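A.B. asks: Given chain V's structure and the hints, the job is docking chain P onto it.
One line per chain: the protein sequences are V and P, in this order.
Residue numbering for the first sequence follows this note's numbering, starting at 151 and increasing by one per position.
Residue numbering for the second sequence follows this note's numbering, starting at 943 and increasing by one per position.
Treat the hints as calculated values from the structure; they're not laboratory data.
On a predicted model such as this, the values are computed, not experimentally measured, just so you know.
Using 20 angstroms as the maximum straight-line C-alpha spacing, the simulated SDA-like pairs for lysine to any residue come out as follows: (1) Lys174/V - Val203/V; (2) Lys984/P - Pro158/V; (3) Lys944/P - Glu194/V; (4) Lys984/P - Arg191/V; (5) Lys1038/P - Met219/V.
Distance windows between CB atoms, simulated: (6) Ser995/P - Pro158/V: 40 to 46 angstroms; (7) Ala959/P - Thr226/V: 43 to 49 angstroms; (8) Arg214/V - Gln973/P: 30 to 36 angstroms; (9) Ser208/V - Asp949/P: 24 to 30 angstroms.
Glycine included, C-beta positions come from ideal geometry on N, C-alpha and C.
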Amino acid sequence: DAGVIQSPRHEVTEMGQEVTLRCKPISGHNSLFWYRQTMMRGLELLIYFNNNVPIDDSGMPEDRFSAKMPNASFSTLKIQPSEPRDSAVYFCAISAGGNTGELFFGEGSRLTVL
Amino acid sequence: RKEVEQDPGPFNVPEGATVAFNCTYSNSASQSFFWYRQDCRKEPKLLMSVYSSGNEDGRFTAQLNRASQYISLLIRDSKLSDSATYLCVVNRGFQKLVFGTGTRLLVSP
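Next up, chain V with everything else stripped away, as it sits in the complex (with noise of 0.2 angstroms):
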């Protein structure tokens, strides 16, 4: 695999709490994306960036979300206030490079916002 390891792997939180998810790529990339997965809804892009710049954020809900990406091995998603619709798996992941189509997602973080 090629390695983009989140954290936590599991959050329960109240709502009204901030919600901190980690992402690091195991090598540096150029692109990394945030994706969330529900039933309901499936995976949906959050946000997606390029050289560390966010390109395209207009899947982020809300202002209530926001996404860094610091550095080319490391990017936050950031909830807060958390509500319990937030509910939700969060998935970060890292291109193979160029126009293959290919992800490669991390474990993903559950959260539930009671």
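C.D. replies: This is chain P only, laid out in the frame that chain V set:
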């Protein structure tokens, strides 16, 4: 209407059966197409790309019909290990992949 539509299933088939999944997409400007596989509580992984000429990888055959905006996946001689959710994926360009909600396959002994 969703940009990528799939029958959610589940498709329940016995080992050895042939099963086909279909998918339609609405954006005619979509550039490339893929099938991903996702096991329960795991991350999605690329299964295969889909070309207009059709392509085969072992027991798996994928086909694209651009005129009808339709993508298919055929699995021959199903194995228990094929049980998973199969995601139809469309590349809008600039690596922006749009995923269908998936079709669940259950292969039983």
